[in-house]
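Engineer: Single-letter residue listing:
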Amino acid sequence: MPVRALTVWLVVVALPGAAECERADSARIAAAGGSITEIIYFLGAEDRLVAVDSTSNFPAAAREFPSVGYVRTLSAEGLLSLTPTLVLGEDDMGPPEAVAMVARAGVTLVRVDEVHTARGIIDKVRCVGSVLGLHDRSAVLSSSELEPVAHVLRRLKEEVTRKPRVAFLLQFRDGAPIGAGRGTSAQGLLDMVQADNVLADFEGWKPVSMEAMSRAAPDFVVITERGVRGAGGAATVLAHPALALVLGNGARDNADRLIVMDGMAMLGFGPRTLTTALELAKRLHGAQTAFLDIRE
Amino acid sequence: MDAVFGRPVARARNRVAVPRQIRYRTPAVVALAMALAVAGVLALASGAIPVSLVDLFGNAANELHRAVLLEIRAPRVLLAGCVGAALALSGAALQGLFRNPLADPGLIGVSSGAALGASVMIVLGGGMAIASVLAPYIVPLAAIAGALLVTWFLYLFSTRYGQFSIVTIVLVGIATNALAGVGIGVLQYLSDDAGLRTLTFWMMGSFGRATWPTTTPAVFLMLAAAVPILIVARSLDLLQLGEAEAWYMGVDVRRLKRGVVLSSAAAVGAGVALVGIVGFVGLVVPHLVRLAIGAGHRHLLPGAALLGATLTILADTLARTAASPAEIPVSLVTSALGAPFFLWLIARERPR
Chain A
833 MPVRALTVWL VVVALPGAAE CERADSARIA AAGGSITEII YFLGAEDRLV AVDSTSNFPA
893 AAREFPSVGY VRTLSAEGLL SLTPTLVLGE DDMGPPEAVA MVARAGVTLV RVDEVHTARG
953 IIDKVRCVGS VLGLHDRSAV LSSSELEPVA HVLRRLKEEV TRKPRVAFLL QFRDGAPIGA
1013 GRGTSAQGLL DMVQADNVLA DFEGWKPVSM EAMSRAAPDF VVITERGVRG AGGAATVLAH
1073 PALALVLGNG ARDNADRLIV MDGMAMLGFG PRTLTTALEL AKRLHGAQTA FLDIRE
Chain B
6 MDAVFGRPVA RARNRVAVPR QIRYRTPAVV ALAMALAVAG VLALASGAIP VSLVDLFGNA
66 ANELHRAVLL EIRAPRVLLA GCVGAALALS GAALQGLFRN PLADPGLIGV SSGAALGASV
126 MIVLGGGMAI ASVLAPYIVP LAAIAGALLV TWFLYLFSTR YGQFSIVTIV LVGIATNALA
186 GVGIGVLQYL SDDAGLRTLT FWMMGSFGRA TWPTTTPAVF LMLAAAVPIL IVARSLDLLQ
246 LGEAEAWYMG VDVRRLKRGV VLSSAAAVGA GVALVGIVGF VGLVVPHLVR LAIGAGHRHL
306 LPGAALLGAT LTILADTLAR TAASPAEIPV SLVTSALGAP FFLWLIARER PR
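The listed protein sequences derive, respectively, from chains A and B. Numbering-wise, my numbering puts 1035 at position 203 of the first sequence, and it's gapless, one number per residue. Numbering-wise, my numbering puts 149 at position 144 of the second sequence, and it's gapless, one number per residue.
It is worth saying that the hints were derived from the structure and are not from the lab. Glycine is no exception: its CB is placed at the ideal position from the N, C-alpha and C atoms. It is possible that part of the hints are untrue.
[As the list claims (entries may be wrong)] Okay, the calculated bits of chain A under chain B, using three or more residues with CB under 8 Å as the criterion:
{"hint": "1", "stretch": "892-901"}
{"hint": "2", "stretch": "906-914"}
{"hint": "3", "stretch": "936-947"}
{"hint": "4", "stretch": "961-973"}
Whenever a hint applies, use it, and build me the whole structure from the sequences.
Structural biologist: Pasting the structure below:
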């Protein structure tokens, strides 16, 4: 796949800031990426933050920091003007030229690997913990807050006999729902909760036609809150031909089969994605998974 | 000799205002050059990091400030100036060539042709075996090829069906933009998540990616493309009388058309490849200059280039300081200023 080759080239050759998770001077951190900011708060290191990007909207307090723009269109001089000692970013931070300029100005750059699994989230927290010199705290918090959820999700894998068939929708664009194919972050989430992605026959985020939707015949449709708001409310979404067709014919009440959750909580792959996954698993698997509550 | 040929054209167009415009046009070009210098210094001196003007002239005390000036702001200001100049110069030359005041690289589809060419490379180019020496130039070259294709198409269309009327050129422009849009849409559909986001933000237009290694070759290319446009100013003046008339007065019309088309495509393509689409500069700037110093191309072309550079540098300065430490896309600024001006131009024509 040529695109992937280009991306690999960009990441390997053109982008400085490897994901080495080595301790760095973190007196003043600029965080580029919603999950990175979330993890910094999770580790209680928010007093070191000097800047965030525009995807950092959880927790709400993070929005008080100066924003250096969208994670992929950072401003080199804007970043430097806040004199960070460390730019800690998601693996898609960019553009490469701006990132390279910041690196040349002597600021340490760390790009944290993104893997869309429960393990990937825990590794991310550990990586940020190591970079900030909070290795022990991140280990303690991981084993008390994250590992139990990951464990339950692993157990889910053994217990589930029939995977629910799920379509994940981001939003509606020009009236057509944008669905998550394979290779997306949503695919990672669905794998975590032992659900079958009914749209996995295409790659990436693509508009899904009414016919493709009814052929896919999902048991559940998961959609982001923003997508519902953009479409004009849950009732409008349910009445959309593409959804009415698949959700209207089932045995269950169709409102139960439309699951609306916060998009960044589901797809940000920070700590709260684990708890969100647990919640989603409960809704998808219903009564057969009483053990999901053990943790509480 | 040149002035003799230049004048009657301008006089025919703006009967009343001509004397004043002609008397002041050389000083006006000089004034525009000085304005450009001021804008350049202003742009270098402003940004998210406060750097004093004294630091501009050597011995900057702070290593960071020096790096910001030389590595971030300087290539950015230079690129903004060159792209603005290239767009305005191409706009002025194309307006002269098509004898149509609406011929703007963006409006008639040249910019979106360049965008299409560059998108092809961004999405599909990674799989091709390209020597790493050439790699930084592949996207600009593809953008130039795209711009060339569209300009050539317009040129063929105009020679086959006679002279463009204003309505025809706008309609052909809409069709061309739509076709390029289809191509870009197909590429967006084909690309994966990462490619899609690269493409989206590339399309928005920003000078934030200006670095010396990418800026230098683009600047040379734009300068090289500007020279042939500037030296055919007199021929463009004669062309305003009509193609046949220009031919009888010794202008090789075919060569002139080919030269202007190729040079504009190269200049616009090189700019678009690095910064994405910057709207309205190519349309509005030549009109501003024409209002001030008349339609004679010997002064209009350099004047448009200077004013285009000045305005684009100022627009970019606004784009990177208004929402500091974040940036707003520069095309938002140029279009927000250019579109109302365009409406004003239309309203101004109406009462007659």
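Engineer: Are there at least three residues in the stretch 961-973 of chain A whose beta carbon sits under 8 Å from a beta carbon of chain B?
Structural biologist: Answer violated; 0 residues pass the 8 Å Cβ test.
Engineer: Residue count check for the stretch 892-901 of chain A against chain B: does it reach three with CB-CB under 8 Å?
Structural biologist: holds (count 4)
Engineer: Apply the coverage criterion to the stretch 906-914 of chain A and chain B: a residue qualifies when its Cβ sits closer than 8 Å to a Cβ of the chain, and three qualifying residues are needed.
Structural biologist: holds (count 8)
Engineer: How about the stretch 936-947 of chain A: do at least three of its residues have a C-beta closer than 8 Å to a C-beta of chain B?
Structural biologist: holds (count 3)
Figure legend: structure checked against the earlier numbered hints; the only hint not met is number 4.
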